[in-house]
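Residue numbers (our numbering), protein chains in the order written: chain A, 150 to 464; chain B, 150 to 464; chain C, 150 to 464.
Read the hints as simulated data drawn from the structure, not as lab findings.
Heads up, the beta-carbon is just placed ideally off N, CA and C, and yes, glycines get one too.
A couple of the hints might just be wrong.
[Unchecked claim] So the derived list for chain B, only partly shown, Cβ under 10 Å to chain C, looks like this:
| id | residue |
| --- | --- |
| 1 | GLY207 |
| 2 | GLN355 |
| 3 | SER388 |
| 4 | SER392 |
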Amino acid sequence: MEFELLRTLCSIPATAGDEGKMSEFILRYLAKNNKDFKSVPKVFSGAGFQDMVIAVFGEPRTAIFAHTDTVGYCVAYQHELIKVGNPKAPAGTKLVGEDSSGPVECKLVVEKANKTPKNPNPQEQYKYKASRTIEPGTPLTYAPDWKETANFVKSAYLDNRLGVWNALQQAHKMEHGAIVFSTYEETGGGGAQFAGRFLQENFGVQQALISDVTLLSDSIRHKKGVAISMRDRGIPRQSFVRSIISIAKEHEIAHQLEVEKAGGSDGSALQDSSYVWDWCFIGPPEDNYHQPGEKVAKVDIQAMVDLYAVLMEKL
Amino acid sequence: MEFELLRTLCSIPATAGDEGKMSEFILRYLAKNNKDFKSVPKVFSGAGFQDMVIAVFGEPRTAIFAHTDTVGYCVAYQHELIKVGNPKAPAGTKLVGEDSSGPVECKLVVEKANKTPKNPNPQEQYKYKASRTIEPGTPLTYAPDWKETANFVKSAYLDNRLGVWNALQQAHKMEHGAIVFSTYEETGGGGAQFAGRFLQENFGVQQALISDVTLLSDSIRHKKGVAISMRDRGIPRQSFVRSIISIAKEHEIAHQLEVEKAGGSDGSALQDSSYVWDWCFIGPPEDNYHQPGEKVAKVDIQAMVDLYAVLMEKL
Amino acid sequence: MEFELLRTLCSIPATAGDEGKMSEFILRYLAKNNKDFKSVPKVFSGAGFQDMVIAVFGEPRTAIFAHTDTVGYCVAYQHELIKVGNPKAPAGTKLVGEDSSGPVECKLVVEKANKTPKNPNPQEQYKYKASRTIEPGTPLTYAPDWKETANFVKSAYLDNRLGVWNALQQAHKMEHGAIVFSTYEETGGGGAQFAGRFLQENFGVQQALISDVTLLSDSIRHKKGVAISMRDRGIPRQSFVRSIISIAKEHEIAHQLEVEKAGGSDGSALQDSSYVWDWCFIGPPEDNYHQPGEKVAKVDIQAMVDLYAVLMEKL
Numbered sequence: 150m151e152f153e154l155l156r157t158l159c160s161i162p163a164t165a166g167d168e169g170k171m172s173e174f175i176l177r178y179l180a181k182n183n184k185d186f187k188s189v190p191k192v193f194s195g196a197g198f199q200d201m202v203i204a205v206f207g208e209p210r211t212a213i214f215a216h217t218d219t220v221g222y223c224v225a226y227q228h229e230l231i232k233v234g235n236p237k238a239p240a241g242t243k244l245v246g247e248d249s250s251g252p253v254e255c256k257l258v259v260e261k262a263n264k265t266p267k268n269p270n271p272q273e274q275y276k277y278k279a280s281r282t283i284e285p286g287t288p289l290t291y292a293p294d295w296k297e298t299a300n301f302v303k304s305a306y307l308d309n310r311l312g313v314w315n316a317l318q319q320a321h322k323m324e325h326g327a328i329v330f331s332t333y334e335e336t337g338g339g340g341a342q343f344a345g346r347f348l349q350e351n352f353g354v355q356q357a358l359i360s361d362v363t364l365l366s367d368s369i370r371h372k373k374g375v376a377i378s379m380r381d382r383g384i385p386r387q388s389f390v391r392s393i394i395s396i397a398k399e400h401e402i403a404h405q406l407e408v409e410k411a412g413g414s415d416g417s418a419l420q421d422s423s424y425v426w427d428w429c430f431i432g433p434p435e436d437n438y439h440q441p442g443e444k445v446a447k448v449d450i451q452a453m454v455d456l457y458a459v460l461m462e463k464l
Numbered sequence: 150m151e152f153e154l155l156r157t158l159c160s161i162p163a164t165a166g167d168e169g170k171m172s173e174f175i176l177r178y179l180a181k182n183n184k185d186f187k188s189v190p191k192v193f194s195g196a197g198f199q200d201m202v203i204a205v206f207g208e209p210r211t212a213i214f215a216h217t218d219t220v221g222y223c224v225a226y227q228h229e230l231i232k233v234g235n236p237k238a239p240a241g242t243k244l245v246g247e248d249s250s251g252p253v254e255c256k257l258v259v260e261k262a263n264k265t266p267k268n269p270n271p272q273e274q275y276k277y278k279a280s281r282t283i284e285p286g287t288p289l290t291y292a293p294d295w296k297e298t299a300n301f302v303k304s305a306y307l308d309n310r311l312g313v314w315n316a317l318q319q320a321h322k323m324e325h326g327a328i329v330f331s332t333y334e335e336t337g338g339g340g341a342q343f344a345g346r347f348l349q350e351n352f353g354v355q356q357a358l359i360s361d362v363t364l365l366s367d368s369i370r371h372k373k374g375v376a377i378s379m380r381d382r383g384i385p386r387q388s389f390v391r392s393i394i395s396i397a398k399e400h401e402i403a404h405q406l407e408v409e410k411a412g413g414s415d416g417s418a419l420q421d422s423s424y425v426w427d428w429c430f431i432g433p434p435e436d437n438y439h440q441p442g443e444k445v446a447k448v449d450i451q452a453m454v455d456l457y458a459v460l461m462e463k464l
Numbered sequence: 150m151e152f153e154l155l156r157t158l159c160s161i162p163a164t165a166g167d168e169g170k171m172s173e174f175i176l177r178y179l180a181k182n183n184k185d186f187k188s189v190p191k192v193f194s195g196a197g198f199q200d201m202v203i204a205v206f207g208e209p210r211t212a213i214f215a216h217t218d219t220v221g222y223c224v225a226y227q228h229e230l231i232k233v234g235n236p237k238a239p240a241g242t243k244l245v246g247e248d249s250s251g252p253v254e255c256k257l258v259v260e261k262a263n264k265t266p267k268n269p270n271p272q273e274q275y276k277y278k279a280s281r282t283i284e285p286g287t288p289l290t291y292a293p294d295w296k297e298t299a300n301f302v303k304s305a306y307l308d309n310r311l312g313v314w315n316a317l318q319q320a321h322k323m324e325h326g327a328i329v330f331s332t333y334e335e336t337g338g339g340g341a342q343f344a345g346r347f348l349q350e351n352f353g354v355q356q357a358l359i360s361d362v363t364l365l366s367d368s369i370r371h372k373k374g375v376a377i378s379m380r381d382r383g384i385p386r387q388s389f390v391r392s393i394i395s396i397a398k399e400h401e402i403a404h405q406l407e408v409e410k411a412g413g414s415d416g417s418a419l420q421d422s423s424y425v426w427d428w429c430f431i432g433p434p435e436d437n438y439h440q441p442g443e444k445v446a447k448v449d450i451q452a453m454v455d456l457y458a459v460l461m462e463k464l
């Protein structure tokens, strides 16, 4: 596998609410590459779609949802930073952004008051340290930090540029299906609900695969295959999940079953809507979740690509 | 009143996400009994409806929502159990399920770390103890434990098989109305929102009665009648609730008014949607909430059946 | 500016779920004044709209959302009060309401158990003290307490009668646009989602300005202009917010930029729906949030009125 495209995707800043640059990149990618596609998709974007891109191939039964937004920070006053989603970076992390004075770099400062009897669980405060003041409202993201070894890729924002990358791989060979490049997944509330309604009302699609990255755990490990999530905070209809597991077994694609109590995805957004969706989260595990240097095993990525290709045909 | 049907309903396993068996049972019941119905309903189910069943009688103005799913546990790894919804069973409770090796029984184990200064509120961990390992993803439910005395019925899963049972009683005599046998109520996110949209768009229904079971409290007691909930976490439009209270008074049906700050139901799911609903939760109180042996007074059940019959005519 | 209308609006009781009186007042206001309007709106209300009022002027591109409900208390049993939304009044606050025995006044009682090692954070309990028992389900609101000085207005329920008042000011001069007088903002779940769907499906409107009141903070102060919120708990699409800031600058309207991590509004309700909205919260800051005597500077109100007028033309 060739990861140059993934490296590029990881370097594009696009916190939730500011996904415009990802939208542009994806539109350019589709326009430039669709001559090589098995089936040329109808592409929906622009006015009425905000920064989402929806590509529809042939007569779709199943849609891939890949969110384009990332966690990060938003500049407030007095050097304060407000989290966008739930970033987990340690103090000293290098952040980059741009305001009306141009590009800017800074370091993340994490402050935590001492525990006292009155305040036994003081909350962390986030600030930036920079050579100049940054305008309130400016989004900041982790500086690009791509590394590739024989067995792993490692980069800020594999969550979820890897899911986007997988969706773009599928685009090349898809005959029937849809891809949603969604927004606002990290903060809740947004793109997937709208895209779900759009696909159901216009194309009758009711099945969704959530192309995203999950966490390492005691049960889910590197190099054990792509994780098929049976549940997290949300519980997809189990008969649908079991049919996916059957297909993975039948095609001998390396996979591991995840059973979690917490965590959410575009799947929960679809399920909580007024539309019925059969959905399943399918993605490889990573460590360094929501930090710089998220790390995923290449064999797990290969299994992800293989499983999506089979599922888009068989489901 | 005759409770054989209720006993059967309580014995059908159907945790949230796995409501297929309840769906099948209800469809068979409707098909077998509709020759005795006052009005034969249109029944919607199957593809596009997941495991919901929606029955529409005549020209409906009001819909009864009865959720078919229950709380329970989902098997994870290392004998761990993950809660489905919010079960409250004590350690030692007998659980039943089925995986690819066939039916299986086990006991619930509840572990809680000791309180320490660093961890003053340790969370409970749930495990199972069985004669064999159970496959991850397998749903487990309380073993059937039906008991009936002169004045009470007592069984796991009266929440909400009693609400389903009440809806089926109403089906026999309903001229105009709709019944939604909904899914996913115990975990949030799901059936009711979809069913609400379906009913509004296709039949213009905007009134809902939530056929469910509530909790005993200092103010809501056994044998005091069916509870009409003025509010819980959600606040239904009070003018609608007051009209229901007036009808109950006028027809001298035993009832008690509930005013609570917490708790939710399919009513909240309807209210949080993009569709306008007048809704009211109406059901008898139980003790042993979400445990085996939920217990409800027969006179309160009778009041529930009577009030729904009047409301489906008058609203 | 003349504030008699605002004073009247502040005196109308309408907790979430009981907005009928506000609905009636607004309908009468529109009917009585529309002869002076630049453009006579189509007004939607009544059956199918609950207690919302939606006014559509010309060919709308942008909608103003102003919620009509307030926080307050709901009477339960044993003199207990349950909060409607999140009121912050101190003990002794005078509350008013009406039940079937007629109007009633009472005092708010706030009880808090002593801190103990087992219960380090006891929750506050709310009760009322009155000369008679009040019926369960009765809504109680702060007694009217209007004060006006040279530079400030001060009253219970400026949140959000000031937002409603601003919307009514705009109604006089609006050529193209929509106004939603929404319900249930203080408790979540309700009016705005429905109204958003109604406006998108019938009029293609996808832009929303949230006419509401925000909180004083270290960064947002009295007399510094209307606050344009770049984000709170929800993150609106930043490109839309930036275009609003540009227009405010270009027209030299006094404004301050708010960047917050918490708080929500009808904007979040729109964003969490299955419809795409560009939205922005724009309103002056107040102190005494959710207490009697909410206080707002007149110059900030003037800036609010001016900015909305420009935005309804330019967006």
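Would the hint on SER388(B) stand, with a C-beta cut-off of 10 Å toward chain C?
Cβ of SER388(B) sits 6 Å from chain C, so the hint holds.
Interface hint compliance - GLN355(B) to chain C, C-beta minimum distance less than 10 Å
7 Å, holds
Going by Cβ atoms only, is SER392(B) closer than 10 Å to chain C?
Check failed: Cβ of SER392(B) comes no nearer than 13 Å to chain C, outside 10 Å.
Can the hint on GLY207(B) be confirmed by a CB-to-CB distance to chain C that is less than 10 Å?
20 Å, violated
Taken one by one, the earlier hints fail for this structure at numbers 1 and 4, listed in ascending order.
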